[in-house]
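*Asks:* Protein sequence lines, in the order shown, are assigned to chains A and B. Numbered by numbering that gives the first Met the number 0, the letters in the first sequence go through residues 0 to 289 in order. Numbered by numbering that gives the first Met the number 0, the letters in the second sequence go through residues 0 to 402 in order.
Just so you know, the hints here were simulated from the structure itself, not pulled from any lab data. Where a beta carbon is used, it is the ideal one built from N, C-alpha and C, also for glycine. A hint or two may mislead.
[What the hints assert, rightly or not] Beta-carbon label-pair distances, calculated as ranges:
id : chain 1 : residue 1 : chain 2 : residue 2 : range
1  : A       : E130      : B       : R240      : 40 to 50 Å
2  : A       : D223      : B       : E259      : 30 to 40 Å
3  : B       : K102      : A       : N115      : 51 to 61 Å
4  : A       : F22       : B       : K59       : 31 to 41 Å
[Said to hold, decoys possible] Covered stretches of chain B, as calculated for chain A (at least 3 residues, CB under 8 Å):
id : stretch
5  : 20-34
6  : 45-57
7  : 171-181
8  : 328-342
9  : 388-395
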Amino acid sequence: MSVLVNKDSKIIVQGFTGTEGTFHATQMIEYGTNVVGGVTPNKGGTTHLDKPVFNTVADAVKKTGANVSIIFVPPAFAADAIMEAAEAGIALVVCITEGIPVQDMVKVKNYLQGKNTRLIGPNCPGVITAEEAKVGIMPGFIFKKGRIGIVSKSGTLTYEAADQAVKAGLGVSTAIGIGGDPIIGTPTVEAVKLLMADPETDGIIMIGEIGGSMEADAARWIKDNATKPVVGFIAGQTAPPGRRMGHAGAIIGGADDTAAAKMKIMSECGIHVVASPADIGKTMAEVLKK
Amino acid sequence: MNLHEYQAKELLKKYNVPVQEGIAVDTVMAAEEAYRQIKTQTNNNFAVVKAQIHAGGRGKGKIIETGVNGVKVGKSVDDISSFAKGILGGTLVTVQTGAAGKKVNKILVAQDVYYDGPNKQKEFYLSILLDRSKGENVIMYSTEGGMDIEEVAHNTPEKIFKEWVHPSGGLQGFQARKIAFNLGLSGEAFKNCVKFVTNLYKAYVGLDCSMLEINPLFKTSDEKIIAVDCKMNLDENALMRHPDLAALRDITEEDPTEVEAGRFNLNFVKLDGNVGCMVNGAGLAMATMDMIKLSGGEPANFLDVGGTANAQTVEAGFRIIMKDPNVKAILINIFGGIVRCDRVAAGVIEAYNKLGNINIPIIVRLQGTNAAEAKKLIDESGLKVQSAILLSEAADLVKKAVA
Numbered sequence: 000m001s002v003l004v005n006k007d008s009k010i011i012v013q014g015f016t017g018t019e020g021t022f023h024a025t026q027m028i029e030y031g032t033n034v035v036g037g038v039t040p041n042k043g044g045t046t047h048l049d050k051p052v053f054n055t056v057a058d059a060v061k062k063t064g065a066n067v068s069i070i071f072v073p074p075a076f077a078a079d080a081i082m083e084a085a086e087a088g089i090a091l092v093v094c095i096t097e098g099i100p101v102q103d104m105v106k107v108k109n110y111l112q113g114k115n116t117r118l119i120g121p122n123c124p125g126v127i128t129a130e131e132a133k134v135g136i137m138p139g140f141i142f143k144k145g146r147i148g149i150v151s152k153s154g155t156l157t158y159e160a161a162d163q164a165v166k167a168g169l170g171v172s173t174a175i176g177i178g179g180d181p182i183i184g185t186p187t188v189e190a191v192k193l194l195m196a197d198p199e200t201d202g203i204i205m206i207g208e209i210g211g212s213m214e215a216d217a218a219r220w221i222k223d224n225a226t227k228p229v230v231g232f233i234a235g236q237t238a239p240p241g242r243r244m245g246h247a248g249a250i251i252g253g254a255d256d257t258a259a260a261k262m263k264i265m266s267e268c269g270i271h272v273v274a275s276p277a278d279i280g281k282t283m284a285e286v287l288k289k
Numbered sequence: 000m001n002l003h004e005y006q007a008k009e010l011l012k013k014y015n016v017p018v019q020e021g022i023a024v025d026t027v028m029a030a031e032e033a034y035r036q037i038k039t040q041t042n043n044n045f046a047v048v049k050a051q052i053h054a055g056g057r058g059k060g061k062i063i064e065t066g067v068n069g070v071k072v073g074k075s076v077d078d079i080s081s082f083a084k085g086i087l088g089g090t091l092v093t094v095q096t097g098a099a100g101k102k103v104n105k106i107l108v109a110q111d112v113y114y115d116g117p118n119k120q121k122e123f124y125l126s127i128l129l130d131r132s133k134g135e136n137v138i139m140y141s142t143e144g145g146m147d148i149e150e151v152a153h154n155t156p157e158k159i160f161k162e163w164v165h166p167s168g169g170l171q172g173f174q175a176r177k178i179a180f181n182l183g184l185s186g187e188a189f190k191n192c193v194k195f196v197t198n199l200y201k202a203y204v205g206l207d208c209s210m211l212e213i214n215p216l217f218k219t220s221d222e223k224i225i226a227v228d229c230k231m232n233l234d235e236n237a238l239m240r241h242p243d244l245a246a247l248r249d250i251t252e253e254d255p256t257e258v259e260a261g262r263f264n265l266n267f268v269k270l271d272g273n274v275g276c277m278v279n280g281a282g283l284a285m286a287t288m289d290m291i292k293l294s295g296g297e298p299a300n301f302l303d304v305g306g307t308a309n310a311q312t313v314e315a316g317f318r319i320i321m322k323d324p325n326v327k328a329i330l331i332n333i334f335g336g337i338v339r340c341d342r343v344a345a346g347v348i349e350a351y352n353k354l355g356n357i358n359i360p361i362i363v364r365l366q367g368t369n370a371a372e373a374k375k376l377i378d379e380s381g382l383k384v385q386s387a388i389l390l391s392e393a394a395d396l397v398k399k400a401v402a
């Protein structure tokens with residue numbers, strides 16, 4: 000068992016032949032990920048990185064039996080790419096693209112309702128099940144096999160958490176980068192639920208940011224349903240209100256989406272909240288010993 | 000991206016949303032001429048002068064140099080002329096600008112809409128924005144207009160209404176009618192309000208706004224519904240499909256250092272602390288700021304160098320951070336994934352040598368791909384740079400630097 004992706008996942012790359020798609024698909028294949036092909040309109044019938052290229056996602060699914068797609072399509076066309084993947088019956092769509100207009104994502108979110116497709120992202124580092132499948136842009140070598148699940152809005156902070164978990168002797172089961180945009184496919188709480196149900200995960204690291212209410216929602220669910228310890232960190236304790244800090248979603252609006260408010264709710268719900276990002280791995284190791 | 004009131008109103012007019020009409024000018028003479036035109040058109044001696052800055056609270060705010068308020072009503076060329084003199088080129092301080100205030104480069108000379116007539120005038124509030132938790136746009140409105148909406152939400156939450164718009168169906172007629180009814184309108188004003196809301200929503204979607212606020216939304220004494228003020232925020236991710244809107248950006252409203260950083264594709268936000276930082280990734284950058292604070296310092300900035308930290312970006316980052324005389328130390332925190340740490344280290348050394356006279360402590364924490372090689376490069380460079388691999392080590396070095 001594992002969460003979302005494993006060594007048997009059949010993965011296609013949308014935007015396969017572009018610069019980003021080529022670079023990251025190469026890295027994914029080197030990691031041992033089962034990439035079965037890719038999609039670039041008007042390049043169907045050719046091969047790229049020794050894998051078949053298809054004109055449409057539907058073609059790729061028919062010929063390869065793909066059940067996971069990773070998207071490296073430019074922002075103007077990314078919403079369309081997500082909907083095409085969903086229409087073709089892809090079960091898991093991971094959208095890496097950063098900078099998709101918010102109104103496009105309003106449409107996508109609505110389009111996905113009632114379909115059997117889970118979207119991770121957009122604007123995320125992707126999903127990795129350590130030493131099985133890397134469906135994302137994270138540096139694979141950091142993620143050594145272990146029993147800690149990671150849920151995070153941020154890319155490099157995910158790597159930081161994974162690195163600390165590995166250095167603490169714990170290792171990583173699956174890391175899910177959910178993305179930093181205002182509208183994303185899989186909110187924190189759903190990613191936490193997946194890891195909570197995973198028999199290969201003993202503890203969960205949950206990393207959030209200022210903005211929105213996703214961490215508070217997850218915390219309330221954890222309070223009533225947790226079967227394993229959760230260590231939490233919220234980035235942006237020192238962020239000034241009303242300013243966009245890199246991620247479009249990271250704007251402090253009301254009083255409840257500040258780092259302090261989120262950390263308080265998380266602590267009250269039994270999450271082991273760390274103030275410093277340097278203490279994530281250490282704290283998880285201590286909590287698991289108890 | 001924020002727009003000025005006068006720019007937002009011009010855009011609304013293209014969507015047939017009635018606004019308080021006005022002429023934006025940047026000289027006193029042009030203001031006088033604008034007043035004459037407006038007076039002829041409206042057959043009304045009264046007109047309003049409104050300072051154009053990217054902040055609210057202008058009416059109560061004051062120009063530091065002259066003491067004139069940011070919004071003034073006058074009834075003669077002399078009035079308008081003296082207001083224009085008092086406002087243009089001055090620094091307007093409002094509750095939203097901070098003590099430093101904002102320089103006023105333009106004023107809007109606008110028609111007076113509070114004229115007498117057969118019926119009672121009334122101010123409302125209406126805004127459209129994204130409800131993140133639902134993933135839908137929501138129209139928020141209230142009978143309490145012209146005042147601070149946060150206060151209304153806090154004191155009398157029952158006076159705030161919300162109408163969610165279905166992503167595929169769009170705003171329906173019954174929803175626009177419901178809004179007009181809830182605002183207590185009838186007759187001509189009701190019809191005008193339904194049209195106003197319908198067209199305003201079209202503008203919100205068509206212009207890819209991330210926020211559109213009309214406060215006050217105004218019913219005139221002759222039953223017209225118009226936008227007296229407008230705060231419009233555009234989705235920067237969508238500007239690629241609106242080159243005309245991208246051209247409306249007013250960089251004089253932005254921090255010049257942030258504008259310069261943007262030219263190097265650096266994401267920079269100026270803060271008030273004493274420890275500068277340069278980080279790859281927005282989340283890690285915010286976390287690094289938090290760590291600086293926990294180590295006894297205060298972050299001087301947010302700086303995300305993105306996925307390509309090379310000698311050029313590191314050098315630009317150094318230059319930008321060191322413009323701030325309050326900076327007592329700089330922490331570089333790079334988690335190398337795709338980016339190789341030894342390359343970043345070489346970039347740091349190159350930038351350091353090029354800049355020459357850096358006389359504050361530089362702490363470099365490089366972790367990830369080739370981290371050990373990177374630390375060796377830094378340690379052997381002979382520069383006054385302190386290196387770390389673990390985040391906790393970097394925190395300790397910051398602690399020492401600010402002690």
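*Asks:* None of the hints should be skipped; say for each whether it holds.
*Replies:* Hint by hint, here is what the structure shows:
Taken as a hint, the range 40 to 50 Å holds for the pair E130 (chain A) and R240 (chain B), whose Cβ atoms sit roughly 42 Å apart. As the Cβ distance of D223 (chain A) to E259 (chain B) is approximately 50 Å, the hint placing it in 30 to 40 Å is violated. Look at K102 (chain B) against N115 (chain A): about 56 Å separates their beta carbons, and that is inside 51 to 61 Å. Between F22 (chain A) and K59 (chain B) the beta carbon distance is about 54 Å. The supplied range of 31 to 41 Å is therefore violated.
Check on the stretch 20-34 of chain B: 0 of its residues sit with their Cβ under 8 Å from a Cβ of chain A, so the three-residue criterion for coverage is violated. A stretch counts as covered by a chain when three or more of its residues have a beta carbon under 8 Å from one of that chain; for the stretch 45-57 of chain B and chain A the count is 0, and the coverage is violated. Counting residues of the stretch 171-181 of chain B whose CB lies closer than 8 Å to any CB of chain A gives 0, so the stated coverage by that chain is violated, three being the minimum. Check on the stretch 328-342 of chain B: 4 of its residues sit with their Cβ under 8 Å from a Cβ of chain A, so the three-residue criterion for coverage holds.
Only residues whose beta carbon comes within less than 8 Å of a beta carbon in chain A count, and the stretch 388-395 of chain B has 5; three or more means the coverage holds.
The structure fails hints 2, 4, 5, 6 and 7 (numbered hints given earlier, in ascending order).
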